[in-house]
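K.L.:
Use these hints to put chain F onto chain C, whose structure you have.
Here is what each chain is made of, one letter per residue.
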Amino acid sequence: GEDVEQSLFLSVREGDSSVINCTYTDSSSTYLYWYKQEPGAGLQLLTYIFSNMDMKQDQRLTVLLNKKDKHLSLRIADTQTGDSAIYFCAESISNFGNEKLTFGTGTRLTIIP
Amino acid sequence: EAQVTQNPRYLITVTGKKLTVTCSQNMNHEYMSWYRQDPGLGLRQIYYSMNVEVTDKGDVPEGYKVSRKEKRNFPLILESPSPNQTSLYFCASSNRVGTEAFFGQGTRLTVV
Chain C
1 GEDVEQSLFL SVREGDSSVI NCTYTDSSST YLYWYKQEPG AGLQLLTYIF
51 SNMDMKQDQR LTVLLNKKDK HLSLRIADTQ TGDSAIYFCA ESISNFGNEK
101 LTFGTGTRLT IIP
Chain F
1 EAQVTQNPRY LITVTGKKLT VTCSQNMNHE YMSWYRQDPG LGLRQIYYSM
51 NVEVTDKGDV PEGYKVSRKE KRNFPLILES PSPNQTSLYF CASSNRVGTE
101 AFFGQGTRLT VV
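Chains as they are written, first to last, in the numbering used here: chain C, 1 to 113; chain F, 1 to 112.
If you're looking for bench data, these hints aren't it; they were derived computationally from the structure.
For lysine to any residue, the following SDA-like pairs were computed, each having C-alpha atoms within a straight-line distance of at most 25 angstroms:
| # | chain 1 | residue 1 | chain 2 | residue 2 |
| --- | --- | --- | --- | --- |
| 1 | C | Lys100 | F | Glu53 |
| 2 | C | Lys100 | F | Lys71 |
| 3 | C | Lys100 | F | Thr22 |
| 4 | F | Lys57 | C | Ser27 |
| 5 | F | Lys57 | C | Ile93 |
| 6 | C | Lys68 | C | Ser27 |
| 7 | C | Lys70 | F | Gln37 |
| 8 | F | Lys71 | C | Ile93 |
| 9 | C | Lys70 | F | Gln45 |
| 10 | C | Lys100 | F | Pro75 |
| 11 | C | Lys100 | F | Asp56 |
| 12 | C | Lys70 | F | Asp59 |
| 13 | C | Lys36 | F | Leu88 |
| 14 | C | Lys100 | F | Ile77 |
| 15 | F | Lys71 | C | Gly42 |
| 16 | C | Lys100 | F | Val52 |
| 17 | C | Lys100 | F | Gln85 |
| 18 | C | Lys36 | F | Arg96 |
| 19 | C | Lys36 | F | Arg44 |
| 20 | C | Lys100 | F | Asp59 |
With the rest of the complex left out, here is chain C (with noise of 0.2 angstroms):
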């Protein structure tokens, strides 16, 4: 079955790093993704990470994923104000044509001045 389990909250100060964990259950995840919801927004793709590749990196986000323990993570270096928002880990799924999304409950980051 499909399952994305994700902590609903996270608590940073401003300029440390943030790590935000999620784990996922379908073995056969083509792609796994970190999308960011701002509030009154929609969702806006950050980043995603091929189910074979062990890491990507891209400017302040390093993506780190472990298929043995299906674990994905996302750092953010140098946490700012702006990167207030909630972030919801998604793994796509190909099944019989439907590419769908299955997405965590989001993580709510609040960067502490």
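P.N.:
Relative to chain C, chain F alone:
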């Protein structure tokens, strides 16, 4: 500018009064889908469409209908809305597996 446009952004309606939420994309994407977002549940897929005239149920299709008469439009229809359909709805489009899914800004629906 590449975008997915949903209308309306906000809607308050009464139980049983039919409504339609429109979704339009300008990227010539084949694949479109609808999600609802509820606190503590993340986003759940309602319906999806792989191309014109091809639609199928997602995880939570009960109480919803969709149509895909043109490639760019994918409206969500609630024939007889009920309070448990109060939610935040998102439309998304993509070029299929492995490519970015673009989301609309969301439609906040309240059914009283």
